[in-house]
Amino acid sequence: MKQQLYFFIAVVYLSAAAPALANPARTFATTYVASAVPRGHAGQDAGVDVSGGRYVRITASGTISMGAYGVCGRTTGPDGCHSAFSPARVAPTAPTGSLVVAFTTASGALISGWAAIGEGGYVAVPANAARLVLRINGATGHEAGAFRVVSDVVSDVAAASAGSAASATAQTGGVRRSLSAMRSVGAASLARSDVQYFLRRFGFSDTPVNVTAVYKTGIAAWLSQQLNPAGIDDSALALYMEPVPLYGTSPQTMNGYDSYANILQRQILQREIASKRQLLEKVTLHWIEHFAVSQDKVNDAGAMAHYEATVRSDALGNFGQLVSDIAVEPAMLYWLDNNNNNGANANNPPNENFGRELMQLYVLGVTQLNIDGTPVMNAATNLPNQNYTEPDVKQVAQALTGFQVQAPPNPGLVNPLTVDSVHFFNSRHAKGPFTVMGQTIVDTGDPTIVQKVVNSLVNNPSTAPFQVKELLQRFVNENPSPGYVSRISAVWNANVSSPTQIATVMQAIANDPEFYAGKGSMTKEPIEYVVDAIRSLNGSQATPITTSMKTPYNSDYGSLGNMDEQHWYPPTVFSFYRPGDKETLLTNSLLLNHWGTGANLSNEIRTTTLCTTCDTNLDFTNLTALTGGIDAGSASRYLLDALVDGGTPQLQALLQNYLSNNIKNVNGAVWMILTSPEYEVN
Amino acid sequence: MLYSRRRFLCGATAVTLSMPTLMRGIAAEASGNLIMVTIFLNGGNDGLNTVIPISTKQYGAYTNLRQIPGGGFLGYTQAQISAAGTAFDPNYQTPASQATNYAFNPGMPELRALYGQGKVAVLTGVGLPPVDPNRTDHQIAQFDWATGSVNQFGLTNAGWVGQTFDQLGGGGAVPPMVSVDYSSPIIQHGAKNSPLSLGGDIGNFSIPCGDGGPDCVNRLSSLSTNDGYATQYMQSEFARTLAEATTDYVGVVKGYSTAATGATYPATGKSSLRNQLKQVARLIQAGAPVRSYFASQGGYDTHSSQLNPNSQPALLADLSGGISDFYGYLAANALSSNVVIMTYSDFGRRVQANSTAGTDHGTASVHFIIGDPVKPGVYGAYPDLTKLDPNGNPLISVDFRNYVSDLVSALGADPTAIVGQTYPKLGYI
Numbered sequence: 290m291k292q293q294l295y296f297f298i299a300v301v302y303l304s305a306a307a308p309a310l311a312n313p314a315r316t317f318a319t320t321y322v323a324s325a326v327p328r329g330h331a332g333q334d335a336g337v338d339v340s341g342g343r344y345v346r347i348t349a350s351g352t353i354s355m356g357a358y359g360v361c362g363r364t365t366g367p368d369g370c371h372s373a374f375s376p377a378r379v380a381p382t383a384p385t386g387s388l389v390v391a392f393t394t395a396s397g398a399l400i401s402g403w404a405a406i407g408e409g410g411y412v413a414v415p416a417n418a419a420r421l422v423l424r425i426n427g428a429t430g431h432e433a434g435a436f437r438v439v440s441d442v443v444s445d446v447a448a449a450s451a452g453s454a455a456s457a458t459a460q461t462g463g464v465r466r467s468l469s470a471m472r473s474v475g476a477a478s479l480a481r482s483d484v485q486y487f488l489r490r491f492g493f494s495d496t497p498v499n500v501t502a503v504y505k506t507g508i509a510a511w512l513s514q515q516l517n518p519a520g521i522d523d524s525a526l527a528l529y530m531e532p533v534p535l536y537g538t539s540p541q542t543m544n545g546y547d548s549y550a551n552i553l554q555r556q557i558l559q560r561e562i563a564s565k566r567q568l569l570e571k572v573t574l575h576w577i578e579h580f581a582v583s584q585d586k587v588n589d590a591g592a593m594a595h596y597e598a599t600v601r602s603d604a605l606g607n608f609g610q611l612v613s614d615i616a617v618e619p620a621m622l623y624w625l626d627n628n629n630n631n632g633a634n635a636n637n638p639p640n641e642n643f644g645r646e647l648m649q650l651y652v653l654g655v656t657q658l659n660i661d662g663t664p665v666m667n668a669a670t671n672l673p674n675q676n677y678t679e680p681d682v683k684q685v686a687q688a689l690t691g692f693q694v695q696a697p698p699n700p701g702l703v704n705p706l707t708v709d710s711v712h713f714f715n716s717r718h719a720k721g722p723f724t725v726m727g728q729t730i731v732d733t734g735d736p737t738i739v740q741k742v743v744n745s746l747v748n749n750p751s752t753a754p755f756q757v758k759e760l761l762q763r764f765v766n767e768n769p770s771p772g773y774v775s776r777i778s779a780v781w782n783a784n785v786s787s788p789t790q791i792a793t794v795m796q797a798i799a800n801d802p803e804f805y806a807g808k809g810s811m812t813k814e815p816i817e818y819v820v821d822a823i824r825s826l827n828g829s830q831a832t833p834i835t836t837s838m839k840t841p842y843n844s845d846y847g848s849l850g851n852m853d854e855q856h857w858y859p860p861t862v863f864s865f866y867r868p869g870d871k872e873t874l875l876t877n878s879l880l881l882n883h884w885g886t887g888a889n890l891s892n893e894i895r896t897t898t899l900c901t902t903c904d905t906n907l908d909f910t911n912l913t914a915l916t917g918g919i920d921a922g923s924a925s926r927y928l929l930d931a932l933v934d935g936g937t938p939q940l941q942a943l944l945q946n947y948l949s950n951n952i953k954n955v956n957g958a959v960w961m962i963l964t965s966p967e968y969e970v971n
Numbered sequence: 102m103l104y105s106r107r108r109f110l111c112g113a114t115a116v117t118l119s120m121p122t123l124m125r126g127i128a129a130e131a132s133g134n135l136i137m138v139t140i141f142l143n144g145g146n147d148g149l150n151t152v153i154p155i156s157t158k159q160y161g162a163y164t165n166l167r168q169i170p171g172g173g174f175l176g177y178t179q180a181q182i183s184a185a186g187t188a189f190d191p192n193y194q195t196p197a198s199q200a201t202n203y204a205f206n207p208g209m210p211e212l213r214a215l216y217g218q219g220k221v222a223v224l225t226g227v228g229l230p231p232v233d234p235n236r237t238d239h240q241i242a243q244f245d246w247a248t249g250s251v252n253q254f255g256l257t258n259a260g261w262v263g264q265t266f267d268q269l270g271g272g273g274a275v276p277p278m279v280s281v282d283y284s285s286p287i288i289q290h291g292a293k294n295s296p297l298s299l300g301g302d303i304g305n306f307s308i309p310c311g312d313g314g315p316d317c318v319n320r321l322s323s324l325s326t327n328d329g330y331a332t333q334y335m336q337s338e339f340a341r342t343l344a345e346a347t348t349d350y351v352g353v354v355k356g357y358s359t360a361a362t363g364a365t366y367p368a369t370g371k372s373s374l375r376n377q378l379k380q381v382a383r384l385i386q387a388g389a390p391v392r393s394y395f396a397s398q399g400g401y402d403t404h405s406s407q408l409n410p411n412s413q414p415a416l417l418a419d420l421s422g423g424i425s426d427f428y429g430y431l432a433a434n435a436l437s438s439n440v441v442i443m444t445y446s447d448f449g450r451r452v453q454a455n456s457t458a459g460t461d462h463g464t465a466s467v468h469f470i471i472g473d474p475v476k477p478g479v480y481g482a483y484p485d486l487t488k489l490d491p492n493g494n495p496l497i498s499v500d501f502r503n504y505v506s507d508l509v510s511a512l513g514a515d516p517t518a519i520v521g522q523t524y525p526k527l528g529y530i
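As given, the protein sequences belong to chains A and B, one line each in that order.
All residue numbers for the first sequence refer to the working numbering, where the first residue is 290 and numbers rise by one.
All residue numbers for the second sequence refer to the working numbering, where the first residue is 102 and numbers rise by one.
Check before you lean on any hint, since a few could be wrong.
Listed below are the simulated DSSO-like cross-link pairs for lysine-lysine, each with C-alpha atoms no more than 30 Å apart in a straight line [stated by the list, open to error]:
{"no.": "1", "chain 1": "A", "residue 1": "Lys-741", "chain 2": "A", "residue 2": "Lys-720"}
{"no.": "2", "chain 1": "B", "residue 1": "Lys-371", "chain 2": "A", "residue 2": "Lys-586"}
{"no.": "3", "chain 1": "B", "residue 1": "Lys-488", "chain 2": "A", "residue 2": "Lys-720"}
Since the hints were made in silico from the structure, they are not lab data.
Turn these sequences into a full structure, and let the hints guide you.
Spelled out as structure tokens, the structure:
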């Protein structure tokens with residue numbers, strides 16, 4: 290019986306300390322071994338080019354067949370290794386059926402022993418090594434395999450001159466890039482793909498036609514417009530926005546169509562898709578995820594809508610103002626229990642929920658940070674210093690007592706955004722002064738205590754790096770360098786009193802030399818997965834809201850639910866994911882729902898006429914004009930350009946082949962792109 | 102949702118240098134046969150109203166500290182407790198009518214019944230030690246509990262269950278750890294092992310094919326082995342996960358969910374926890390070689406209106422009934438002998454009620470270990486409510502790492518390397 294053993298794993302061989310090079314260059318290459326490489330067949334070993342490298346790490350995945358005589362790596366199991374639930378995975382440390390590696394010179398002479406593949410970090414490359422060769426370590430000689438080996442070679446920039454980089458690329462099919470080379474991508478010499486990257490980061494992508502337009506006029510002009518959103522005419526959007534049902538109608542519905550809570554969710558999705566103020570919407574999304582509030586607990590769509598409007602109006606403004614404003618929003622008062630919080634009762638202390646999260650999640654974080662975002666370490670304990678203590682939490686909670694949301698008992702038919710009002714009652718307010726992290730906060734027994742507390746927290750040295758790192762994690766790179774955090778934090782601090790602080794910071798982020806090094810570093814979050822696709826594929830509602838189309842983008846909204854990221858329904862105050870940890874939204878169970886979302890989106894493509902009763906149309910009715918002709922080559926080029934900056938050669942070949950078989954199946958082609966790693970990670 | 106992470110995409114460029122990349126256990130199946138079902142009570146469960154101290158000495162302090170403005174009482178009266186019949190003593194055989202020490206929340210009669218059958222260990226006074234100054238932040242407390250560490254936030258990212266299976270070796274075709282609440286929780290991430298994440302009803306699984314083509318799964322697999330991604334580290338890691346998801350679902354989940362449908366499992370209604378436990382029962386019944394299951398229940402962060410019927414009382418009732426249904430199903434199918442359930446939560450809550458009829462973040466709490474392998478009784482020392490710390494919190498008597506250590510040992514691994522020191526056995530298992 291022939292048995293298959295699979296490597297579906299990242300394998301790292303040997304181990305060594307992480308390389309510390311001043312200006313490392315890295316070479317990624319792939320060796321695809323499609324034929325048998327049995328033990329002892331000298332000259333047939335699969336190899337990886339490591340010449341000039343200082344450190345190397347490899348990963349391997351694929352299949353090893355053990356032949357008729359093989360033993361598998363599983364020692365137990367209901368029926369040996371031929372499990373009904375194959376594929377089995379074999380231990381790389383097992384002597385049989387595993388990969389072993391050794392360094393050789395250019396002439397093939399071994400300069401190290403054959404080593405089993407283990408785990409760890411990078412390993413140093415011997416000085417005279419040219420190749421790292423791999424074998425299947427079999428016991429019988431019948432072992433054979435096909436596997437893919439990805440190598441990651443780190444070398445000094447100095448060692449990798451332009452000439453050798455070019456030749457290495459030619460030899461391996463890989464790409465050799467140095468960080469310094471990436472940083473040299475200046476505004477003056479942007480490629481079209483740089484514009485696509487930029488529009489994906491600072492907005493929600495755009496159609497190929499609009500990308501080309503920005504490419505011609507330049508990113509600087511686009512950004513300068515976007516930083517002043519009030520100057521952008523967005524009146525067309527209003528025609529398509531669902532009207533808000535009046536408070537007092539029961540239930541809160543629009544002409545019986547749907548509840549306000551549902552309309553609220555669709556409205557923000559509509560803005561992200563159709564607003565011309567793209568940067569404003571992207572920054573707004575950042576803040577509503579940072580200051581996460583859930584309708585599940587607030588249970589007041591008017592309060593949620595008001596919260597959204599406040600966040601949007603401050604989104605590119607001053608951070609301290611933003612925090613002070615949201616602190617007394619009805620939705621926030623409900624969400625973190627600061628509504629009716631009484632500080633005047635000696636027996637029952639105030640609720641600490643908002644006070645704690647204001648410090649921990651909203652403004653400055655748990656750990657003291659240096660300006661570059663690294664933790665301040667305590668020399669004695671070698672542990673990070675903490676920003677605040679339990680008594681500080683209690684003091685902030687005391688200081689922010691006395692607020693209450695009030696709604697008139699019978700307001701009649703009114704706009705629900707205007708129903709709630711927030712009042713301050715000195716009789717329920719704890720008396721100051723308050724001491725927070727060693728600073729005294731004067732209390733004058735009025736609502737200005739909010740600004741005083743917020744100013745004290747905003748001026749904490751940890752605030753700038755804490756906020757800047759999160760911004761960089763959303764807008765550039767999930768792991769921004771300390772230098773990048775440091776440079777932008779300096780801009781943040783220099784503008785801490787400016788009414789356009791956040792806009793200035795956003796501009797600095799885009800103009801930083803490291804901005805374009807963020808390419809390929811980020812997974813899309815589900816909202817981006819949906820909105821980027823709709824915008825890139827010329828999506829729209831077919832008609833303004835007043836006619837037959839009642840619930841714009843409703844099916845897309847359902848998709849967001851399947852992927853665990855619906856606006857206004859974060860599961861906890863930690864939002865949908867922690868900054869830099871977007872992968873919590875990409876568990877393998879949730880990932881499968883992306884494929885369903887891709888299917889749903891691809892079914893919204895219209896190649897002949899738009900659908901007037903559908904909630905979304907991806908308008909491909911003018912495909913011939915868009916693609917320059919309906920043939921497999923031009924159609925696949927267009928789609929790949931729209932969604933994945935052109936895609937890899939492999940995806941290009943796959944798609945062209947697919948469309949050659951059935952040129953009309955644009956839907957299937959789009960689905961294949963939307964389920965590709967190129968679309969998910971970029 | 103638990104603060105959790107996948108680690109395969111931790112970073113690009115230089116940050117990957119220190120990143121552990123091996124994601125899935127690949128050694129021979131772990132030895133031993135204990136199956137541990139972890140139930141995470143997300144938000145910080147108020148232990149004081151979960152196991153109420155009814156002894157004369159403690160109950161007076163309890164009633165005083167749980168008064169709320171306007172004459173309310175954030176607690177349970179002796180009449181309520183006696184009507185529910187949930188009182189108990191360290192000797193599990195003492196009938197509720199004669200017990201004088203503790204009471205389960207009146208909404209937990211099922212757990213009281215299991216206790217009487219000798220299936221429950223009650224661990225009191227357990228929590229994070231004061232050396233962690235931020236142990237009352239959710240983020241820090243959840244992280245500490247998940248990793249079995251203190252003061253290591255940002256310095257490590259390996260969970261204690263994951264590390265246990267790093268020692269024991271992973272599974273074969275099936276990973277030794279499964280999460281059934283959609284998440285990929287940090288507690289199950291080791292240096293070499295990570296959990297398979299499931300959600301919903303495992304029998305309803307399908308891969309949506311956007312073009313209806315019969316070979317779409319194969320095509321996705323071919324995409325994921327596309328070597329073009331090698332030039333982009335993140336994309337290649339993502340591709341690997343796509344392949345893993347396909348393999349796990351097609352090859353693993355479908356087989357087990359077909360083998361055991363759970364048709365006779367008690368109705369789960371709208372309860373997420375009950376549905377999660379049902380999926381666990383199905384996988385156990387089908388013989389999945391999984392040793393650790395992770396389930397969770399949210400809503401325990403009861404800063405206000407804690408006694409609202411939809412708040413903590415509903416959660417505890419759901420927990421009690423859900424555990425009872427789960428245990429009963431396994432026992433009826435002769436599957437319970439090697440299954441142990443353990444609960445954990447961020448922290449306990451403040452003893453004194455706050456001004457919004459809720460409780461703020463505290464320290465010590467109470468946890469349950471349930472199943473046939475359990476030695477019944479009460480462990481740890483219930484905090485003395487007349488001796489609180491300067492922040493009004495109860496003092497812990499059992500370091501959470503001691504709690505964790507006994508379970509690591511029971512699973513067959515050495516806890517010392519995982520929690521950093523050796524603890525005496527508590528003896529509940």
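Hints versus structure:
1. A:Lys-741 / A:Lys-720: The given pair, whose Cα atoms are some 14 Å apart, holds under the 30 Å limit.
2. B:Lys-371 / A:Lys-586: 18 Å, holds
3. B:Lys-488 / A:Lys-720: 28 Å, holds
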